[in-house]
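There are 2 protein chains.
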Amino acid sequence: MTATLPTIKLLETPTTSAWVEQALGDLDTILLDHSHCERKAAGVALNLMFRYPSSEKLVRALTAIAQEELTHFEQVNQWLERRGIPLRALTPPPYGAGLKAQIRRHEPERMLDGLLISALIEARSHERLGLLGQHCPEPELARFYRGLMASEARHYGAYWVLATHYFERSEVEARLSALALVESELLATLHPEPRIHS
Amino acid sequence: MTATLPTIKLLETPTTSAWVEQALGDLDTILLDHSHCERKAAGVALNLMFRYPSSEKLVRALTAIAQEELTHFEQVNQWLERRGIPLRALTPPPYGAGLKAQIRRHEPERMLDGLLISALIEARSHERLGLLGQHCPEPELARFYRGLMASEARHYGAYWVLATHYFERSEVEARLSALALVESELLATLHPEPRIHS
Numbered sequence: 001m002t003a004t005l006p007t008i009k010l011l012e013t014p015t016t017s018a019w020v021e022q023a024l025g026d027l028d029t030i031l032l033d034h035s036h037c038e039r040k041a042a043g044v045a046l047n048l049m050f051r052y053p054s055s056e057k058l059v060r061a062l063t064a065i066a067q068e069e070l071t072h073f074e075q076v077n078q079w080l081e082r083r084g085i086p087l088r089a090l091t092p093p094p095y096g097a098g099l100k101a102q103i104r105r106h107e108p109e110r111m112l113d114g115l116l117i118s119a120l121i122e123a124r125s126h127e128r129l130g131l132l133g134q135h136c137p138e139p140e141l142a143r144f145y146r147g148l149m150a151s152e153a154r155h156y157g158a159y160w161v162l163a164t165h166y167f168e169r170s171e172v173e174a175r176l177s178a179l180a181l182v183e184s185e186l187l188a189t190l191h192p193e194p195r196i197h198s
Numbered sequence: 001m002t003a004t005l006p007t008i009k010l011l012e013t014p015t016t017s018a019w020v021e022q023a024l025g026d027l028d029t030i031l032l033d034h035s036h037c038e039r040k041a042a043g044v045a046l047n048l049m050f051r052y053p054s055s056e057k058l059v060r061a062l063t064a065i066a067q068e069e070l071t072h073f074e075q076v077n078q079w080l081e082r083r084g085i086p087l088r089a090l091t092p093p094p095y096g097a098g099l100k101a102q103i104r105r106h107e108p109e110r111m112l113d114g115l116l117i118s119a120l121i122e123a124r125s126h127e128r129l130g131l132l133g134q135h136c137p138e139p140e141l142a143r144f145y146r147g148l149m150a151s152e153a154r155h156y157g158a159y160w161v162l163a164t165h166y167f168e169r170s171e172v173e174a175r176l177s178a179l180a181l182v183e184s185e186l187l188a189t190l191h192p193e194p195r196i197h198s
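Residue numbers (our numbering), protein chains in the order written: chain W, 1 to 198; chain C, 1 to 198.
Source of the hints: derived by calculation from the structure; they are not laboratory data.
In this text the structure is predicted, and so the values were computed from the model without any measurement.
Keep in mind that a hint or two might mislead.
Same chains, same label: a pair holds when it works inside one copy or across any pair of copies.
Keeping only pairs whose Cα atoms sit at most 25 Å apart, straight-line, the calculated BS3-like set for lysine-lysine is [to be verified]:
#1 K40 x K57
#2 K57 x K9
#3 K100 x K40
Isolated chain W, as found in the complex (with noise of 0.2 Å):
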């Protein structure tokens, strides 16, 4: 495996092949942790629409994602029943809530960080998706993982377009750029144990 790994648009630091060795060491915590995951972005998709009820693009563009996430959930869920893991919760990794202290409370700016902060978990999850598509040694759950990349693409996609849309691109730029490096630095240690955003 080699040290550099392809980078995301969108993220300031490619994830290194430290987390890909952890994770490939117990893919059945990642499963488990994935699941809770893909629960978790149909969760924050259908608190932005309860924000901004009467945002027509926003609540048009992220109904198909709560649903998609669901759809994922769903998926994962039957990988941890076919492995016979049970369901169960995870103590999570700093990253949702160091990501979410990021927020500002005020709107307008309220929405573009949660549009953003959005489009970067997407985009990181779509980047180790990735990487365990290419590496994980079983074949059909590495088809899997690949399979779900094109989604997560799409997501942080969307959120990008919504983020454009009701914002001024330049406003936009300098907000993702301040929100990558907190992104990534929250990822700079690894995490003692396996997740998704260790």
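Assemble chain C onto chain W, guided by the hints.
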């Protein structure tokens, strides 16, 4: 229109014809409120999945419900678009908050109450969409409402099945009777504005 309307199992009191008249008098607002109801129903299912992430049967059933509610949300929004009604927030009637206030704070009672309140809301939606399907003067819209009824019936059935899976049947029945009384009391006075649960 007759004063007595068919009673749905679970519900303590059937909907009055006064509600039907109020709803038919402002179908645009009813559609807009219905959109909010579908989104909220998806949110409630997702929140229960968040609270009980290791309850396999619950997670599986509520994933399917959340997906269906999102599909209905999308369909209702298409109706709004076709009629040129922009999405906007509506002040909710006291129904949802009134029911939520009945949820006991400790487990496992909290889970039972959450499931039964969802069952009651779905049963009431089933009854009322059925009334709209029967009395709506626009044939295509009436057909749409009748089409949704089957899912609402499946949903209240699913919540009931989950309640009896995790709790003793006698406990479920006693609690359901108590909550059904509150549900009917909350609807005893017609809300001044047309709402699905006014």
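Structure-based check of each hint:
1. K40 x K57: both (21 Å within a copy, 19 Å between copies)
2. K57 x K9: Result: close within a single copy only, 24 Å intra versus 39 Å inter.
3. K100 x K40: both (13 Å within a copy, 23 Å between copies)
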